[in-house]
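> The primary structure of each chain is shown beneath.
Protein chains: 2
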Amino acid sequence: MGREVRPIAYPRGEVRASDFRVVEVEVRQPRAGEVLVRNTWTSVDAALRLRLRQTAPPGYFPAFPLGEPMDGIMTVGEVVESRADGFAPGDTVWHAAGWRDYAVVEAGKQALGGVGTLTKLDVRVAPPQVYLGALGGNGLTAYAGLFHAAGLRDGDVVWVSAAAGAVGSLAAQMAKIRGHRVIGSAGSDEKVRYLLEELGLDAAFNYKRGALPDLLREAAPDGIDVYFDNVGGDHLEAALGALRGSGRVAICGMISEYAAKEPPHGPGNLMLAVTKGLTIRGFRGSAHTHLLPEMTRHVGAWIREGRLRCHETIIDGLSQAPPALAGLLRGDNTGKTLVRIDGFTHRENAID
Amino acid sequence: MGREVRPIAYPRGEVRASDFRVVEVEVRQPRAGEVLVRNTWTSVDAALRLRLRQTAPPGYFPAFPLGEPMDGIMTVGEVVESRADGFAPGDTVWHAAGWRDYAVVEAGKQALGGVGTLTKLDVRVAPPQVYLGALGGNGLTAYAGLFHAAGLRDGDVVWVSAAAGAVGSLAAQMAKIRGHRVIGSAGSDEKVRYLLEELGLDAAFNYKRGALPDLLREAAPDGIDVYFDNVGGDHLEAALGALRGSGRVAICGMISEYAAKEPPHGPGNLMLAVTKGLTIRGFRGSAHTHLLPEMTRHVGAWIREGRLRCHETIIDGLSQAPPALAGLLRGDNTGKTLVRIDGFTHRENAID
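Heads up: the sequence lines are chains A and B, in that order. The opening position of the first sequence corresponds to residue 1 in the UniProt record's numbering, with each subsequent residue numbered one higher. The opening position of the second sequence corresponds to residue 1 in the UniProt record's numbering, with each subsequent residue numbered one higher.
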């Protein structure tokens with residue numbers, strides 16, 4: 001028997017544990033070409049919120065059907081039984097059937113989201129769960145956003161919002177590694193300390209401590225060239241104000257809007273895109289899977305060299321996935337939010 | 001003696017003739033390196049509104065000082081007296097000291113706005129005033145917007161808003177010439193007829209005749225790939241809804257917002273840029289003066305071949321420049337709005 005977390009109601013506003021149910025299901029034997037995986041870690045991502053609604057935004061992955069297992073959530077685990085070439089019991093793999101403890105996965109079948117096709121992982125590079133963050137979808141989003149969507153150029157001053165989050169903390173560090181002046185923002189003084197002391201950013205601020213344009217001006221008196229956006233709303237508006245000529249915005253998400261009951265107001269100063277010649281580009285990491293080998297090579301090396309830190313917020317126990325998501329969306333977590341499926345406690349973990 | 005139109009008050013909302021005054025000034029003799037020009041045509045552009053305020057938007061040309069001549073407005077004229085090499089009486093030239101009947105211009109001095117540096121025009125290619133529209137800044141804006149900012153690709157379906165306007169009518173025609181399916185929108189049924197019958201667009205609609213998303217869906221049932229934006233506001237929002245994956249927006253202006261007393265609301269659906277991987281690029285034609293020779297070559301040929309039509313709304317008399325601007329901003333005019341400085345009547349003119 002196995003357990004799965006299934007949505008039973010679409011949240012209104014904040015995600016609540018009662019919107020989900022953990023159900024017991026029979027785990028069937030793998031057929032030819034399939035592998036049975038015991039999941040050990042599963043990913044918790046803000047963007048899941050976009051699928052927890054009647055209709056997901058056009059162009060995005062479809063809404064999670066109520067009462068069904070959630071497909072397209074990255075997870076890592078250990079192969080228990082294999083009837084597929086190239087996979088053997090004991091292999092560490094990733095796939096996209098998360099939020100459950102056992103999964104039967106078809107080898108070679110393209111996963112929803114691209115990154116999660118059943119793949120053997122090299123645990124000599126990093127512990128398995130890092131493949132859900134820096135070496136997985138989050139790393140790809142940060143990498144594709146900075147180096148492709150934003151087209152980072154030498155000397156660019158970069159602002160990363162939600163910089164203590166799973167993607168933001170990677171984008172901020174990658175920009176630092178490439179020699180940029182990097183400003184980070186987050187929603188608590190503790191996170192700001194993390195940005196300055198742990199990640200070594202050049203400046204950081206708590207966006208709750210004043211008016212965003214003022215805080216940003218203080219952190220970047222001469223303006224910015226690139227804004228890596230994970231927040232939207234007032235953050236994007238402040239960025240448009242601070243961007244210099246030919247500046248660029250890479251938007252990977254708009255967490256400030258995910259739970260909005262009313263359609264949000266967009267930035268009121270978009271005309272600055274015209275006068276300053278700005279480029280605003282939305283993107284999804286999953287649209288850049290061709291960059292995965294390149295990203296993995298770079299990020300793997302940066303981790304080995306101790307230049308890129310993978311901070312994790314670990315929540316133990318499969319049944320805690322919904323509150324983990326709620327906490328992430330509330331801004332409680334630092335770094336990558338992970339559920340350790342067999343664990344029983346809640347702690348933070350820094351892999352340096 | 002000469003006459004100049006000078007702003008004496010910044011308009012609140014709509015531009016009024018009483019915000020300007022025509023003053024008589026003494027025309028001085030040109031010094032060494034200067035040329036005296038009798039202006040014959042002067043340009044009327046929506047974007048002038050951005051400079052008729054206390055502070056122009058950051059990154060844009062500075063506000064027009066009250067009580068001073070307006071600098072940086074394209075004009076064509078005839079050299080009356082020259083003390084500069086390369087210019088002789090009778091030459092047709094353009095420069096950027098418009099909204100006056102005589103101007104003393106320094107040869108070689110970079111004009112505010114780039115395009116308007118004193119230049120001799122080849123009137124065998126087109127009549128002088130066409131250099132204020134299709135062969136000038138408007139042509140450059142349309143050309144740079146489509147082929148650079150929007151990165152037009154084979155097969156793209158293109159929506160041009162304000163498509164009966166100076167820039168829009170050129171962008172729409174250029175996209176047609178390059179073989180695209182082109183949808184145009186405008187603010188009157190008469191303009192829609194012009195778009196369909198004169199410019200031969202594939203579809204066109206009057207945005208006042210229904211809800212924009214519906215009108216756009218009817219005109220482009222399978223969506224659009226490129227939106228050439230001159231309007232902003234609800235038009236941009238509708239475009240984000242209709243754009244297909246990897247779609248692009250080139251914004252050259254946001255005429256719907258120029259006279260706004262409150263900061264406008266931006267598009268509430270910017271998150272679609274993320275899910276659909278959209279690129280939104282603001283740009284100014286004047287930031288692309290390096291494309292001027294290339295644009296002039298193409299557009300000159302298209303005019304000669306009868307493939308690109310230059311519709312003009314001509315207002316006669318220098319003193320009529322302010323009402324001409326007010327009319328343009330109200331949506332009264334089709335094609336390029338021009339003031340014929342020595343004229344006395346008001347008529348429309350189509351150069352095919």
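None of these hints come from the bench; they were simulated from the model. Hints may be right or wrong, so weigh each one.
What the hints assert, rightly or not - Interface residues of chain B toward chain A, partial, derived using beta-carbon atoms under 7 angstroms:
1. TYR60
2. PRO62
3. GLY268
No experiment lies behind these values; they were computed from the predicted model shown. We put the CB at the ideal spot given by N, CA and C, even for glycine.
> State for each hint whether it applies.
Hint check:
1. TYR60: holds, 4 angstroms
2. PRO62: violated, 12 angstroms
3. GLY268: holds, 4 angstroms
Of the numbered hints stated above, the single one contradicted by the structure is hint 2.
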